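Visitor: Sequence:
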Amino acid sequence: STIWFTLFSCASNPTTGYSSSSLYAKQYKSVAIPIFQNNTMNRNLEFMLTDAVVKEVQTRTPYQIIGEQYADSILIGTIKSVDLNVLSNSRTTALVNEMLIKVVIDFEWQNLQTGRRIVGRDNFSSSALFIPSQPSSEPIEMGQFAVTQQLASDIVDQMQATW
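Numbered according to our numbering, the sequence shown terminates at residue 147, and the numbering increases by one at each position without gaps.
A portion of the hints provided could be inaccurate.
Computed list of lysine to aspartate or glutamate pairs in DMTMM-like fashion (alpha-carbon distance at most 25 Å, straight line) [what the hints assert, rightly or not]:
no.: 1; residue 1: Lys10; residue 2: Glu125
no.: 2; residue 1: Lys86; residue 2: Asp138
no.: 3; residue 1: Lys13; residue 2: Asp90
no.: 4; residue 1: Lys13; residue 2: Asp67
no.: 5; residue 1: Lys64; residue 2: Glu125
no.: 6; residue 1: Lys13; residue 2: Glu122
Each pair of labels, with its calculated beta carbon distance range [stated by the list, open to error]:
no.: 7; residue 1: Tyr54; residue 2: Ala78; range: 26 to 34 Å
no.: 8; residue 1: Ser117; residue 2: Met25; range: 22 to 30 Å
no.: 9; residue 1: Leu84; residue 2: Gly104; range: 19 to 27 Å
Derived from the structure by calculation, the hints contain no laboratory data. This one's a predicted model, so the numbers in the text were calculated from it and none came from an experiment. Backbone N, C-alpha and C fix where the C-beta goes; we use that ideal spot for every residue, glycine too.
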């Protein structure tokens, strides 16, 4: 009986309560995701971010990833800046213990039939921590991987939020 209560308590109208319907816009079936532009000196970050976004869209949304000529929407973006900030230094060696990598992007999801912006954000950012010091000795690529994964997740969150 608890299961039936749970099923019947989901409303189809989100203004009247919970809804079990999809949070993604139903009028779009596909999205093209070209490689993000990169205005920074950090090479390959655009490929890491694009790959992460494609995988997030594939796993979390109902949209098919296809080429721009066949898609009904497109997700484009530009990496604007990458900053490294020291969070802590070793007391004994004064070498960096923890670093924070912050990536700032602009992105826009557009309807390809109308050219209308579905959702987009300017100066959208995410950060990730990595530990370059011993014993972890994590390379900067660990931080880059973590921040691109977080950005991809955040972008897909935005795709379901405002349409």
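Visitor: Would you mind marking each hint as holding or not holding in the structure?
Guide: A quick look at each hint next to the structure:
1. Taking the CA atoms of Lys10 and Glu125, the gap is near 36 Å; set against the 25 Å cutoff, the hint is violated.
2. Taking the CA atoms of Lys86 and Asp138, the gap is about 14 Å. The hint holds against a cut of 25 Å.
3. With a CA separation close to 23 Å, the supplied pair Lys13 and Asp90 stays within the 25 Å bound.
4. For the given pair, Lys13 sits about 36 Å from Asp67 by alpha-carbon distance, which is inconsistent with the 25 Å threshold.
5. Note on Lys64 and Glu125: the hinted pairing holds, with a Cα-Cα distance of about 18 Å set against a maximum of 25 Å.
6. Annotation: proposed proximity of Lys13 to Glu122 is violated, straight-line Cα distance about 40 Å (limit 25 Å).
7. A beta carbon spacing of about 56 Å between Tyr54 and Ala78 contradicts the range 26 to 34 Å that was offered as a hint.
8. Separation of Ser117 from Met25 is about 24 Å and conforms to the stated range, judged on CB atoms against 22 to 30 Å.
9. Our hint of 19 to 27 Å for Leu84 and Gly104 holds, since their Cβ atoms are close to 26 Å apart.
Hint check: violations occur at hints 1, 4, 6 and 7; the rest are consistent with the structure.
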